[in-house]
Every structure is written in C-alpha cells, then in structure tokens.
Amino acid sequence: MPTSDTVTPRAEGTRDAAESPQSPESPHSPEGSGSGGRRGGSSLALIVVLLAVLVAQAPVGRALSTPAMQGWMTVFVAVVVQALPFLVLGVLLSAVIAVYVPASFFVRVLPARAALAVPVAGMGGAVLPGCECASVPVAGALVRRGVTPAAALTFLLSAPAINPVVLTATAVAFPGRPEMVLARFVASLLVACAMGWLWQRLGRTDWLKPPSRPTFEGLGKGAAFWGSVRHDVMHAGGFLVVGAMAAATLKSLVPEEWLRSAAGNLVISVVVLGLLAVLLSICSEADAFVAASLTQFSLTARLAFLVVGPMIDLKLFAMQAATFGRGFALRFAPVTFVLALLVSVLVGAVLL
Amino acid sequence: MNRQAQAAVLLLLGVAVLRASSTDLYLRYVKAGLRPLLLAAGVVLVAAAAATVWYELKAARAARAARTVHGDGDHEGAAESGHEDGHGHAHREPRISWLLVLPLLALILVAPPAPGSYSAMRAGTVLQPLPDFPELPDHGTLRLDVSDYAGRAAFDHGRQLAGRHIEITGFVALDASGAPYLTRMVLSCCAADAQPIKVRLTGKLPPTLQPDTWLEVTGEYTSRQMKDPVNGGAIPFFKAASARPVKAPADEYEN
Numbered sequence: 001m002p003t004s005d006t007v008t009p010r011a012e013g014t015r016d017a018a019e020s021p022q023s024p025e026s027p028h029s030p031e032g033s034g035s036g037g038r039r040g041g042s043s044l045a046l047i048v049v050l051l052a053v054l055v056a057q058a059p060v061g062r063a064l065s066t067p068a069m070q071g072w073m074t075v076f077v078a079v080v081v082q083a084l085p086f087l088v089l090g091v092l093l094s095a096v097i098a099v100y101v102p103a104s105f106f107v108r109v110l111p112a113r114a115a116l117a118v119p120v121a122g123m124g125g126a127v128l129p130g131c132e133c134a135s136v137p138v139a140g141a142l143v144r145r146g147v148t149p150a151a152a153l154t155f156l157l158s159a160p161a162i163n164p165v166v167l168t169a170t171a172v173a174f175p176g177r178p179e180m181v182l183a184r185f186v187a188s189l190l191v192a193c194a195m196g197w198l199w200q201r202l203g204r205t206d207w208l209k210p211p212s213r214p215t216f217e218g219l220g221k222g223a224a225f226w227g228s229v230r231h232d233v234m235h236a237g238g239f240l241v242v243g244a245m246a247a248a249t250l251k252s253l254v255p256e257e258w259l260r261s262a263a264g265n266l267v268i269s270v271v272v273l274g275l276l277a278v279l280l281s282i283c284s285e286a287d288a289f290v291a292a293s294l295t296q297f298s299l300t301a302r303l304a305f306l307v308v309g310p311m312i313d314l315k316l317f318a319m320q321a322a323t324f325g326r327g328f329a330l331r332f333a334p335v336t337f338v339l340a341l342l343v344s345v346l347v348g349a350v351l352l
Numbered sequence: 353m354n355r356q357a358q359a360a361v362l363l364l365l366g367v368a369v370l371r372a373s374s375t376d377l378y379l380r381y382v383k384a385g386l387r388p389l390l391l392a393a394g395v396v397l398v399a400a401a402a403a404t405v406w407y408e409l410k411a412a413r414a415a416r417a418a419r420t421v422h423g424d425g426d427h428e429g430a431a432e433s434g435h436e437d438g439h440g441h442a443h444r445e446p447r448i449s450w451l452l453v454l455p456l457l458a459l460i461l462v463a464p465p466a467p468g469s470y471s472a473m474r475a476g477t478v479l480q481p482l483p484d485f486p487e488l489p490d491h492g493t494l495r496l497d498v499s500d501y502a503g504r505a506a507f508d509h510g511r512q513l514a515g516r517h518i519e520i521t522g523f524v525a526l527d528a529s530g531a532p533y534l535t536r537m538v539l540s541c542c543a544a545d546a547q548p549i550k551v552r553l554t555g556k557l558p559p560t561l562q563p564d565t566w567l568e569v570t571g572e573y574t575s576r577q578m579k580d581p582v583n584g585g586a587i588p589f590f591k592a593a594s595a596r597p598v599k600a601p602a603d604e605y606e607n
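Chains A and B are the protein sequences, given in the same order.
Per my numbering, the first sequence starts with residue 1, numbered consecutively.
Per my numbering, the second sequence starts with residue 353, numbered consecutively.
Calculated from the structure, these hints are not laboratory results.
Predicted model, so just to flag it, every value in this text is computed and none were measured.
Hints should not be assumed to be uniformly reliable.
Unchecked claim - Quick look at which bits of chain A chain B covers, simulated, 3 or more residues with Cβ under 8 Å:
hint, region
1, 78-85
2, 150-164
3, 244-255
4, 328-340
To be verified - So these bits of chain A aren't anywhere near chain B, every CB distance computed over 10 Å:
hint, residue
5, L50
6, L54
7, V88
8, L92
9, R113
10, A126
11, L167
12, E179
13, F185
14, T205
15, W207
16, L208
17, V229
18, V272
19, V290
20, A349
Where is the CB? At the ideal position from N, CA and C, for every residue including glycine.
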C-alpha cells in the first residue's frame with residue numbers, strides 16, 4: 001500500500017475520487033494533490049474502527065447482552081451468514097457473464113423481439129440454482145451486457161422462485177400437496193413475465209441507473225474478473241447488511257399474536273402474508289418452510305407469501321436500488337408487490 | 353472506501369466465515385448442510401482480497417514503468433475513464449460497504465448465541481401432527497428429541513410412551529408465571545426462522561431453574577396437555593423424576 005501511495009499519486013487519486021465516499025465535495029480534479037491523505041483516509045478509518053471496537057469490547061458486550069439485543073444480533077448474523085454463500089455465487093456468475101461471456105451470446109440465445117425474449121428469460125430463471133441474493137447481481141450483469149431490460153428483469157424475478165432447489169424445498173415443506181409446487185411455479189412465472197411485458201410497454205430507460213461501476217474494459221481478464229467480484233461483494237454485501245438489519249428489527253418487534261388475528265379474512269390474510277414476506281426477507285430457499293409453519297392461514301395466503309418473498313422484500317429492495325437505482329426500485333417494487341398478490345389469488349383460486 | 357480497505361474487509365470477512373464454518377460456530381445460525389457452501393464462500397472472499405492487493409500492486413508497478421517512459425500523459429487517460437464511470441453515484445454508493453464491518457464484528461467479537469428462552473417464549477410452539485410414528489425400541493430408557501416426545505404425546509396419545517422410562521434434553525424456558533418448559537428450537541433454514549417446540553415440565557425438578565440452562569430430564573409420560581398462549585398449539589406435559597444440567601450440544605437445534 002505505501003508503494004502505490006507514493007508512486008502514483010495522480011492516477012490513484014482520481015481513481016479514488018471516483019470510488020471513495022470521503023470526497024463528495026471535492027471536484028473530481030485529476031490534480032489530486034491531497035489524494036495521498038484521502039487515500040490513507042479509509043484504510044486509517046478502518047483501522048481506527050477496528051481498534052475502537054477492540055478497546056470498547058467489554059462495555060459494548062455488556063450493552064449487547066440483554067436477551068432482546070442478543071435475539072436481534074442472532075437473527076442479523078444468521079441472515080447474513082445464510083445469504084453470503086449465495087451472494088458470492090451470484091457475484092461469481094455475474095463476473096463470469098461480464099468478463100467471459102461475449103455480448104453476442106445473449107443476442108443469439110434470446111429472441112430479438114422483446115415480447116418473446118421475456119418468457120424465454122423467465123424460463124431461463126429455472127436454471128440458476130440460488131436464491132434472490134444471487135439473481136440481483138446476475139440481472140445487473142445481463143443489463144450491462146446489452147440484454148433488453150425487460151428480459152433481464154423477468155429473469156431477476158423468476159430465477160429465485162422457480163429454480164429446482166426452491167421448488168424441491170417447497171415440495172418438502174408441503175408434503176402431500178404437489179399442487180402447491182405447481183401453483184408456486186405458475187404464479188411466479190406469470191408475475192415475472194407480466195412485469196417484463198409491463199416494463200417493455202411502460203418502462204423508461206432513464207429510470208434505470210446507468211452502469212453503476214467502473215467498467216473493467218481494457219484490463220486483463222483476471223483483473224476485470226476480480227475487480228467485478230470485489231465491487232459486487234462490497235456493494236451488494238453492504239445492502240444485504242441493510243436488509244438483514246431491517247429483518248432482524250422486525251422479527252424482534254412484531255409480536256406473533258398480531259398475525260394470528262389476521263388469518264380469518266381471505267383478502268386481509270393475503271395482504272398480511274404478502275407484507276410479512278416483504279418484511280421478513282427470508283431467503284427463497286427457506287421461505288417454503290416458514291410458509292408451511294403458518295398453518296392458521298389458507299393455502300392461497302401462503303402462496304402469496306411464497307410468490308411475493310423471492311420477488312420483493314426489504315433486502316431485495318435495497319439490493320435492487322443499489323444495482324438499478326432508487327428511482328427504478330421505487331417504481332418497480334410496489335407494482336411487483338400488487339401484481340404478485342393478484343396473481344397469487346387467481347392461481348390459488350384455480351389450483352388450490 | 354479505497355481498495356486497500358476493501359481488500360482488508362474482504363479478507364476479514366472471508367476469515368470470519370472460514371472460522372465460523374470450520375468450527376461449530378456456524379451451527380448457531382444455519383443448518384449443517386450449508387457448511388461446504390460457507391467454506392467455498394470464505395475461500396472466494398479471501399481470494400478476492402488477495403487478487404485486489406495483487407492487481408493494485410501490479411497497476412502501481414505498471415504506472416511507475418509508464419511514467420518513467422512516457423511521463424504522466426498515459427494515466428491521465430486511464431484515470432479519466434475511471435472517473436467517468438464512477439460519476440454521479442460516487443458520493444454515496446461505496447459508503448454502504450462500510451456496513452459490512454458490522455456482521456464482521458458481530459461474528460468475530462460477539463458471536464451471538466443460538467436463540468434461547470427469550471425467543472422461545474415469544475413464539476408459539478410449532479408442533480405439527482405427523483401422519484405416523486415409527487416404532488420405538490421395546491426396552492431400556494427411551495432417549496427422545498423434545499419434538500419426538502411432544503409429537504407422540506400430543507398426537508399419538510402417548511401410545512408407545514406410557515410406562516416407559518424416558519430421557520429428553522433441552523433448554524429451560526420460564527413463562528410469565530415462572531412455570532418451567534423444556535424447549536428446543538427447530539430450524540428450517542437459518543436462525544431467523546427458528547421456532548420452538550415446548551414441553552411443560554412437572555414432577556421433581558431442581559428448586560431453582562435458570563432460563564437457558566440445558567437439562568437432561570428423565571421421567572415419564574403423562575397425558576396432560578395445555579395450549580400455548582401465543583398460538584394455541586399443543587404443549588404436552590412431562591413428569592420429571594430427575595434432572596441434571598448438561599452442556600449445550602454443538603447443534604442446539606432439532607430437525
């Protein structure tokens with residue numbers, strides 16, 4: 001680190017200005033005279049943070065030892081630990097797409113007409129064996145690779161819901177009710193495709209944030225690959241932490257009794273379980289088991305839980321906002337939510 | 353956050369994940385089956401940290417070489433392209449990365465325990481009726497999971513339990529009135545969805561019971577049941593003859 005500090009103050013300084021949070025006010029001038037200090041800034045800050053926590057460990061530990069606080073921390077750490085491997089998997093896939101798969105590949109595979117590309121992308125979601133944490137970076141990489149956003153968004157929504165791992169988990173969680181697996185598959189695919197077509201009709205490209213990271217063109221493949229991995233882990237990982245904190249807070253604040261009183265009415269129960277899916281932010285590989293345990297709710301309401309959860313929840317919203325921009329997420333999320341509830345009720349009425 | 357700091361966070365995160373998954377620590381948060389994926393993720397994170405440092409050093413060497421040959425002109429250009437890409441969001445986005453320090457610290461310094469009596473008493477028992485119950489061995493002490501005992505007691509009328517000497521292990525939870533329960537949490541995926549199975553203890557018990565102590569209780573089946581005040585689920589009773597404190601098992605959850 002001292003080597004690069006002293007050797008290339010100018011190039012390094014500008015690159016930092018593009019990435020470093022510490023320099024929002026300073027104009028991005030290539031003349032980074034103070035960049036050496038700024039550059040040391042975040043490393044130094046990290047060391048100070050770590051040291052401070054080490055020194056304050058005893059009092060901090062005491063403050064955290066109340067049962068409620070411990071419960072919060074356990075849920076927080078559990079969500080992060082559970083999601084991390086899948087996030088890493090998604091990040092690796094996304095880096096492979098960004099670096100090793102030529103853009104022409106997608107042009108060949110996907111039909112030229114967006115209206116047809118949408119269902120193909122939706123079915124393509126069936127082959128990504130992961131949860132929603134993996135699909136966000138992959139969808140981001142698809143857009144950057146020139147895939148039409150409508151198709152990429154369909155993939156984003158369908159992949160975490162209809163892949164074999166998740167469908168198997170659903171079958172295991174609802175023994176003797178294969179129609180639940182079918183209903184989940186059909187409803188999720190319908191919502192994903194409908195959102196894709198809706199985007200194609202109404203979506204505007206300027207709602208999507210322009211590619212949100214340094215492109216790695218012009219670097220060697222290895223450098224580009226690891227640069228992409230580093231950027232995505234830091235970026236999506238930060239938002240994963242936000243989502244995990246939100247989920248832990250709700251989990252420790254909302255009493256279970258509230259849920260019980262909502263189960264009676266079909267409309268209320270569907271909306272309540274939809275909202276619960278958003279708030280709990282459970283991984284799509286696990287949500288079927290949670291849905292199965294909500295026995296006081298109707299199957300249709302639980303289907304809504306299973307359809308909404310992988311498409312939109314607090315953690316996903318944060319990650320989507322990070323990848324595609326806040327303006328996009330604010331429009332996309334509510335529409336997805338409403339559509340997912342409607343389709344769940346319809347499919348539930350037919351199949352369950 | 354600059355790249356050195358990013359590399360440091362990646363490295364620490366990778367090491368924390370590797371440490372948690374190479375010991376029993378990870379069992380507090382997720383199921384045993386996630387272990388290979390966690391190990392792989394840890395390795396990738398460490399590799400990403402190493403690669404970041406490596407390419408930083410390489411870029412620095414290349415820049416130094418370029419400068420000695422061409423002067424500064426060349427990396428003006430390189431710097432310019434990096435600058436444009438980051439433009440517009442540079443102020444905010446990387447700041448979020450700092451949050452990654454939180455799970456890191458929580459995992460390394462605090463390592464919060466698996467959900468205990470506090471979470472157990474806030475949630476309703478998730479005892480589910482099973483279609484059938486496998487035959488139990490004919491003689492000797494029956495060692496049963498809390499969920500196995502509770503299921504047989506509540507939904508099989510204790511058919512194979514009556515008159516047997518039974519041993520169950522779990523942690524103590526007390527309700528508002530101080531009544532003791534022997535409890536285990538069940539996990540479908542991670543500790544965020546952990547839910548309790550409860551058995552109400554009666555009979556001969558130590559005079560004072562501390563919540564969250566692990567007990568190995570021996571005793572016998574009784575047909576009494578109660579309803580969980582939280583969700584109305586069935587909580588069968590267990591008549592204890594003796595109880596001894598034991599160490600918490602490595603995997604505190606039942607399947």
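ask   = Can you name, in rising order, the numbers of the hints this structure does not satisfy?
value = Those not satisfied are hints 2, 4, 5, 6, 7, 8, 17, 19.
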